Amino acid sequence: MKSIFESVAIYSLATASADGVPNVVPIGMLIPQPDGETIWIVDNFMNKTISNLKENPKAAFYIWDPKTPDSYQIKGTVTVENSGADYEKAVKLAHERRETLPAKNLLKMKITDIYYVTPGPKAGKKV
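Numbers 5 to 131, taken from my numbering, label the letters of the sequence shown in order.
To be clear, the hints were calculated from the coordinates, so they are not data collected in a lab. For clarity, every value in this text was computed on a predicted model and none was experimentally measured. Hints may be right or wrong, so weigh each one.
To be verified - Think about it this way: if two alpha-carbon atoms lie no more than 25 Å apart in a straight line, the pair counts; the simulated SDA-like pairs of lysine to any residue are:
hint: 1; residue 1: K96; residue 2: D23
hint: 2; residue 1: K129; residue 2: K93
hint: 3; residue 1: K62; residue 2: D23
hint: 4; residue 1: K126; residue 2: K112
hint: 5; residue 1: K108; residue 2: E59
hint: 6; residue 1: K112; residue 2: I31
hint: 7; residue 1: K130; residue 2: N48
Claimed, not checked - Derived DEER-like restraints, expressed as beta-carbon distance ranges:
hint: 8; residue 1: S55; residue 2: K126; range: 20 to 26 Å
hint: 9; residue 1: T42; residue 2: S11; range: 19 to 25 Å
hint: 10; residue 1: L97; residue 2: K130; range: 18 to 24 Å
hint: 11; residue 1: K130; residue 2: S16; range: 18 to 24 Å
hint: 12; residue 1: K6; residue 2: T104; range: 28 to 34 Å
hint: 13; residue 1: E41; residue 2: T104; range: 30 to 36 Å
hint: 14; residue 1: L97; residue 2: G128; range: 17 to 23 Å
hint: 15; residue 1: K62; residue 2: D90; range: 18 to 24 Å
In this text, a Cβ means the ideal position worked out from N, Cα and C, and glycines have one as well.
Construct the complete structure from the given sequences, taking the supplied hints into account.
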């Protein structure tokens, strides 16, 4: 899966409000952490997403390898940070990519579940 992360430029991040209204947004800054259990997501322009996460801290995204049919859905619980050492590191990463990005928040997603979404007999099954 780590090699797939390196080949994908845009991810679809899904959240839902407390009353279940879904929201899906394109994300360009999704960074797997070395612990293998945490994903950092830099919030540049996520108004509804942040609002949803404050009401309901669950989120999901999928990754797929454009060279093979491999794809996975990753679910987790998200905390939102806008200060501290990790947040400052995320701001630096965002500004290295493009200096004008606002990097308003760091979303830390603790992975809770991973599922196969590749068509076939494993589709929908937990990894």
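Results for each hint:
no., hint, in the structure
1, K96 to D23, "violated, 35 Å"
2, K129 to K93, "violated, 35 Å"
3, K62 to D23, "holds, 13 Å"
4, K126 to K112, "violated, 28 Å"
5, K108 to E59, "holds, 18 Å"
6, K112 to I31, "holds, 14 Å"
7, K130 to N48, "violated, 31 Å"
8, S55 to K126: 20 to 26 Å, "violated, 35 Å"
9, T42 to S11: 19 to 25 Å, "holds, 20 Å"
10, L97 to K130: 18 to 24 Å, "violated, 31 Å"
11, K130 to S16: 18 to 24 Å, "holds, 20 Å"
12, K6 to T104: 28 to 34 Å, "holds, 29 Å"
13, E41 to T104: 30 to 36 Å, "holds, 31 Å"
14, L97 to G128: 17 to 23 Å, "violated, 33 Å"
15, K62 to D90: 18 to 24 Å, "holds, 21 Å"
Checked against the numbered hints listed earlier, the structure breaks hints 1, 2, 4, 7, 8, 10 and 14; every other hint is satisfied.
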